[in-house]
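With the sequences and hints as input, model every part of the structure.
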Amino acid sequence: MTWNFDILPDFVFNGLSLGAIYGTVALSLVLIFKATTLINFATGELAMIGAFMVYVLHMEQGLWLWLSILIAMIISAGLGALIERTLTRPFDPADHLPVVLITLGLFLIFNALAGDIWNYQVRLLSNPFGKFPSWVPGLGGDRFVMVLGSRLKYQSIGIWLTLALALFLLGLILNRTKMGLAFRAVSSNVESARLVGVHTGRTLGFGWAIASAFGTLGAVLVAPQLGGVNPNMMATILIYALAGAALGGLDSLGGAVIGGILIGLIQAVLVMWLGVVVFGQAYMSILQLAAAFVLILIVLLFRPSGLFGSRRVERV
Amino acid sequence: MMRTSARMRQLQGVGLVLITTWLFCLPFVSTTTELRQHTQIIISVLAVLGVNIATGYGGMISLGHGVFVGVGAFATGYFVDEMSLPWLLAISMGIVTASLSGALVGIPALRIKGIHLALLTLCMAIVFQPLSKRFPAFTGGVSGKAIEARFEAPIWLGDSRMASAVYRYVFCILVVLFALGLTWNLVNSRAGRAMRALRDNDTAAAIYGINLVRTRVITFSISAGLAGLAGALQVVLVPYVSQDNYSVQESLVVYATAVIGGLGSIWGSVLGVVARTGFGALGERLSGVDGFGLVSEFFELLDEQAFVFGVGLIALTFVFPRGLAGIGTKNKQQTGS
Chain A
301 MTWNFDILPD FVFNGLSLGA IYGTVALSLV LIFKATTLIN FATGELAMIG AFMVYVLHME
361 QGLWLWLSIL IAMIISAGLG ALIERTLTRP FDPADHLPVV LITLGLFLIF NALAGDIWNY
421 QVRLLSNPFG KFPSWVPGLG GDRFVMVLGS RLKYQSIGIW LTLALALFLL GLILNRTKMG
481 LAFRAVSSNV ESARLVGVHT GRTLGFGWAI ASAFGTLGAV LVAPQLGGVN PNMMATILIY
541 ALAGAALGGL DSLGGAVIGG ILIGLIQAVL VMWLGVVVFG QAYMSILQLA AAFVLILIVL
601 LFRPSGLFGS RRVERV
Chain B
45 MMRTSARMRQ LQGVGLVLIT TWLFCLPFVS TTTELRQHTQ IIISVLAVLG VNIATGYGGM
105 ISLGHGVFVG VGAFATGYFV DEMSLPWLLA ISMGIVTASL SGALVGIPAL RIKGIHLALL
165 TLCMAIVFQP LSKRFPAFTG GVSGKAIEAR FEAPIWLGDS RMASAVYRYV FCILVVLFAL
225 GLTWNLVNSR AGRAMRALRD NDTAAAIYGI NLVRTRVITF SISAGLAGLA GALQVVLVPY
285 VSQDNYSVQE SLVVYATAVI GGLGSIWGSV LGVVARTGFG ALGERLSGVD GFGLVSEFFE
345 LLDEQAFVFG VGLIALTFVF PRGLAGIGTK NKQQTGS
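Those protein sequence lines, which keep their order, are chains A and B. Under the working numbering, the first residue of the first sequence carries the number 301, and numbering increases by one thereafter. Under the working numbering, the first residue of the second sequence carries the number 45, and numbering increases by one thereafter.
Some chain A residues near chain B, calculated using beta-carbon distances under 10 Å:
{"no.": "1", "residue": "Ile-339"}
{"no.": "2", "residue": "Asn-411"}
{"no.": "3", "residue": "Leu-542"}
{"no.": "4", "residue": "Ala-546"}
{"no.": "5", "residue": "Leu-550"}
A few chain A residues that don't get close to chain B, going by computed Cβ distances all over 10 Å:
{"no.": "6", "residue": "Leu-365"}
{"no.": "7", "residue": "Ile-375"}
{"no.": "8", "residue": "Arg-423"}
{"no.": "9", "residue": "Leu-470"}
{"no.": "10", "residue": "Gly-497"}
{"no.": "11", "residue": "Val-569"}
Don't read these hints as lab results, they were simulated from the structure. Every residue gets a Cβ at the ideal spot worked out from N, C-alpha and C, and that includes glycine.
Shown next as structure tokens:
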């Protein structure tokens, strides 16, 4: 196969929808990093547990898919807040080592737990955006619509709309509620926030809760692309999300979304150029992973604050 | 600085005597399989020690030391099998390869610090497994590959399987002891003080004339070399390499073992491995408990080593935030904060 611009929109659409998912998971990382300057290494595993909740509620109990997702997000949020309250609040946030260790412990626990309950086979989870619903005029029941001579899948449109809605709600919560104001205060300066009477612990718990809910949403959206849910599903997604978060700036919420989408686009173009034209299909997944890793390396080396993050001045 | 009280020194002495007696008696009371499993536990001290050098003494968090263990194992397998080098040379080459890859990681670690470095090394650990599947010449691809060469006991020891198992056991113990001694000397030497100065305040260290670049890169390559040695000895024990053994979880377990043992203490790395083995044994013991109805379902979970270890990790972080080696030590620098 040679370089063929006709297929470019195909890859771009795909990249944009994967990127939106990376952005969602990256948001989950950044929400916690912004408030605590800690990276929750268990983000991916928490999200995976959330996806399994949807699996149990929808595939096993037969609940409506969107209701299952909503319930799973609420439970994940509760779980996140619980983890913050019981496991991370007792430690001094300035000292990275203990909290890194706690999140690593959670990583191992959740992974083993899921492996024990559901074993390591890939389990099918139905796609929330498989076919256009019947009320969409002219497209009901179709899987895609032709745009620019390429197939724009309903899945991609659905993911974009979901992310847009989630971001809108997040914006409302952060900018219009008292809790959101407290969160912004804590993430800009913990000490000052505490001095003016913000309950910092509760606010951080709130941050963890939203972050976990976002992670679950990302995992549910990505599952159909991976063929279903399994305990190791988030390992590679976590890399792309970390790459997105690093690129956008680890403490910038908007940056996380834009970074994630950029990673998806880079990945798509890379797949098209390297995977299809230069190396061949077999090396595609590892090339994407390697590219994400190199990108993280470059960003951290030359611009640790990312594209939109705030720079930190180091004092002796 | 950590200062050890006299009482703790006595306890450490007792521990040392216990471990030595145990090591000495082991070959007489165990089967070849058990002996091999114990040897594997003993060599895992080296990887933990590697993390300890990088993180505890060098101040660089590494969540990816499983990668260097893997590099050491794959390289040793390659050199001893494809190049038909003698074992000792192949092991040395394995260490050198791991050190060089460590130096490569050490270079970005000059600029990337703290939680960012943790992030980078974690990504390295995630990428390593799929990457190694793609180089079957070295790694045997997805299914791994058997190494033809065997690390056998010399003729005069007899050719029974037990003789070879004991021979490997003694060889590995001697290597581990040698490495522990060497590291002990290193961290108490001028170079070791330079590492610690860098960890505590790199700008101040630079002002005192410590070469930042050289010290950081050397620290990381030594620490990777130790992990690589652990990988090389794995091949000595079991002539088989496979990417299966180098998942992200392995890397995380190595790091966590180093931290729960106690960073900045050689003795802590040994303690960490002892604790980890203890968790494993505890899980196995408890998973056999039956007849509690719902509770027994929970106990079945304990079969999962990673689960027990994760729980133990969190518990220990709460109880002994300075690691097991930190019990009974006073933190002289801490003047209330």
